[in-house]
Amino acid sequence: MKTAAVVQLRGLAFTDDQHVSTATICALLRQADPTTLLWSERLRYARQLISNGPDVLWALLRGDSEFMAGMREAFSWLFGWTRATVQLPDPAIAWQPWVQVMTSRPGRFRGLIKRAKALETIRVACYAALQALLRSLAQCGGSVPDTSRHDPERPERYQEACLICRVAFPSRASWAVHAAKKHGYRAPATLLSQDQEKPLCLGCGRLYANLHRLRRHLLHSQSCRVGWGSFHPTETVAGDIHAQMPPLQIAGFDRPEVRPDPAYTHPGVVEALLALEAPDADNVWHTLLDFAEPLSVLRRSLRDWASHPEAQPSAGDLVEDACLLIDPELWCEDFRKGKRSPQSFAPCTDLHRPPECRLNFVLTGVSAVFKVDDPPLPELVYPFRHSVPLAAARRHLDWLEQACDTFSAFLASTRLSPVFLEASSKAFSALEPVSSWAVGAGLARRPGGLGSPI
76 MKTAAVVQLR
86 GLAFTDDQHV
96 STATICALLR
106 QADPTTLLWS
116 ERLRYARQLI
126 SNGPDVLWAL
136 LRGDSEFMAG
146 MREAFSWLFG
156 WTRATVQLPD
166 PAIAWQPWVQ
176 VMTSRPGRFR
186 GLIKRAKALE
196 TIRVACYAAL
206 QALLRSLAQC
216 GGSVPDTSRH
226 DPERPERYQE
236 ACLICRVAFP
246 SRASWAVHAA
256 KKHGYRAPAT
266 LLSQDQEKPL
276 CLGCGRLYAN
286 LHRLRRHLLH
296 SQSCRVGWGS
306 FHPTETVAGD
316 IHAQMPPLQI
326 AGFDRPEVRP
336 DPAYTHPGVV
346 EALLALEAPD
356 ADNVWHTLLD
366 FAEPLSVLRR
376 SLRDWASHPE
386 AQPSAGDLVE
396 DACLLIDPEL
406 WCEDFRKGKR
416 SPQSFAPCTD
426 LHRPPECRLN
436 FVLTGVSAVF
446 KVDDPPLPEL
456 VYPFRHSVPL
466 AAARRHLDWL
476 EQACDTFSAF
486 LASTRLSPVF
496 LEASSKAFSA
506 LEPVSSWAVG
516 AGLARRPGGL
526 GSPI
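76 is the number of the first residue of the sequence shown in the numbering used here; add one for each residue after it.
One should not assume that every hint holds.
To be verified - Listed next, the in silico DSS-like pairs over lysine-lysine satisfying Cα-Cα at most 30 Å (straight line):
1. Lys-446 with Lys-412
2. Lys-273 with Lys-256
3. Lys-257 with Lys-412
4. Lys-412 with Lys-256
5. Lys-501 with Lys-192
Please keep in mind that the hints were generated in silico from the structure rather than gathered at the bench.
Construct the complete structure from the given sequences, taking the supplied hints into account.
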């Protein structure tokens with residue numbers, strides 16, 4: 076993630092590494108991530124509500140399940156960071172001690188929020204340090220980045236396309252908007268109901284309050300689409316029904332008429348293909364381009380043409396070829412994206428082992444020796460969700476950043492000379508999981524540390 080604000084604040088040049096993660100941004104700026112800020116403000120607001128909120132406001136808020144869930148989440152986050160350093164119970168189990176602190180000692184409660192916010196900021200910075208070390212391991216090990224498409228705005232496979240414009244769409248809805256604007260496309264439910272003076276369904280005989288409800292009915296009723304025109308009212312339908320009334324059954328009789336379901340097949344396509352005197356692959360394809368219909372409707376119409384009693388002898392083979400061509404990946408030149416999904420600001424996503432990571436070693440020459448001291452907090456390891464004193468956590472962050480820098484230099488030196496990293500098991504545990512992945516990339520465990528393979 077890279078934003079204009081980060082470019083200005085950090086002075087990132089055009090030639091610098093542009094892969095700046097959310098954790099790296101927060102670590103460089105020493106600022107909390109957006110989720111932490113949200114939780115902190117929720118807790119401050121909760122203290123104000125408990126101390127000064129009127130009963131009427133509490134009555135309104137208690138009925139808001141989303142608000143209460145957000146408050147529970149914020150207090151759970153606060154307790155997670157302070158449970159080992161503060162003598163307060165879990166707020167989900169014992170709420171009254173927290174109320175007592177917020178009302179009688181508001182300064183202490185604000186201090187707890189600041190402590191939790193600072194510990195969360197340290198956690199993000201620790202994660203960013205490991206993330207940078209992992210990137211260094213991947214670069215030194217020649218790991219090939221995953222180039223597969225992970226854009227959430229683009230589907231793995233497009234199912235809809237406008238064959239006329241050669242544009243692929245991520246959904247039927249986005250295609251329908253384009254087809255309606257550019258080619259006058261109308262949904263089958265709209266076409267069936269557009270000539271009706273009254274919102275009467277000619278499939279089942281129900282009179283609706285307006286045409287919109289009739290179209291909604293036809294959208295979901297396949298039997299009425301197939302049997303459209305079967306119902307005949309015994310007398311002229313007069314008057315309108317109230318907008319809030321349910322559908323009214325009109326007196327009449329049925330004269331069954333069965334037609335292909337226009338939601339799945341297009342009679343016009345079948346008729347146009349039957350009218351071809353000498354069909355071949357080219358004129359069949361150009362016939363399809365005369366119709367703006369969903370791809371599934373075009374495929375079904377082709378198969379209905381091949382199975383028609385009056386179909387040309389070559390229809391079966393031509394249909395198979397045409398269905399293969401009705402593929403957005405083959406025919407389209409423009410691939411549209413869908414709606415932008417809400418951007419995630421989660422700074423600490425899971426770390427993943429770099430694929431095909433193997434270090435290349437130089438085993439001759441003078442050995443380069445590196446050293447990493449023991450961590451001040453051996454228990455503060457990835458994913459860094461430990462309730463510890465704030466001062467000790469800050470010392471551990473300083474140690475971790477220096478240790479990651481030393482480990483990165485150690486990895487870079489493997490291509491220049493034999494190397495050895497002197498460190499204890501506690502230090503390597505604090506650098507997990509990257510230290511184990513480095514061993515898997517070719518480093519050898521030796522007494523007192525890691526080194527080039529012998």
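How the hints compare with the structure:
The hinted pair formed by Lys-446 and Lys-412 fails the criterion: a straight-line CA distance of about 50 Å is larger than 30 Å. For the proposed pair Lys-273 and Lys-256, the alpha carbon gap of about 27 Å is at most 30 Å, so the pair holds. For the hint pairing Lys-257 with Lys-412, the CA-to-CA distance comes to about 18 Å; that is within 30 Å, so the pair holds. The hinted pair formed by Lys-412 and Lys-256 meets the criterion: a straight-line CA distance of about 18 Å does not exceed 30 Å.
About 27 Å separates the Cα atoms of Lys-501 and Lys-192, which keeps this hinted pair within 30 Å; it holds.
Hint compliance for this structure: hint 1 is the single one not met.
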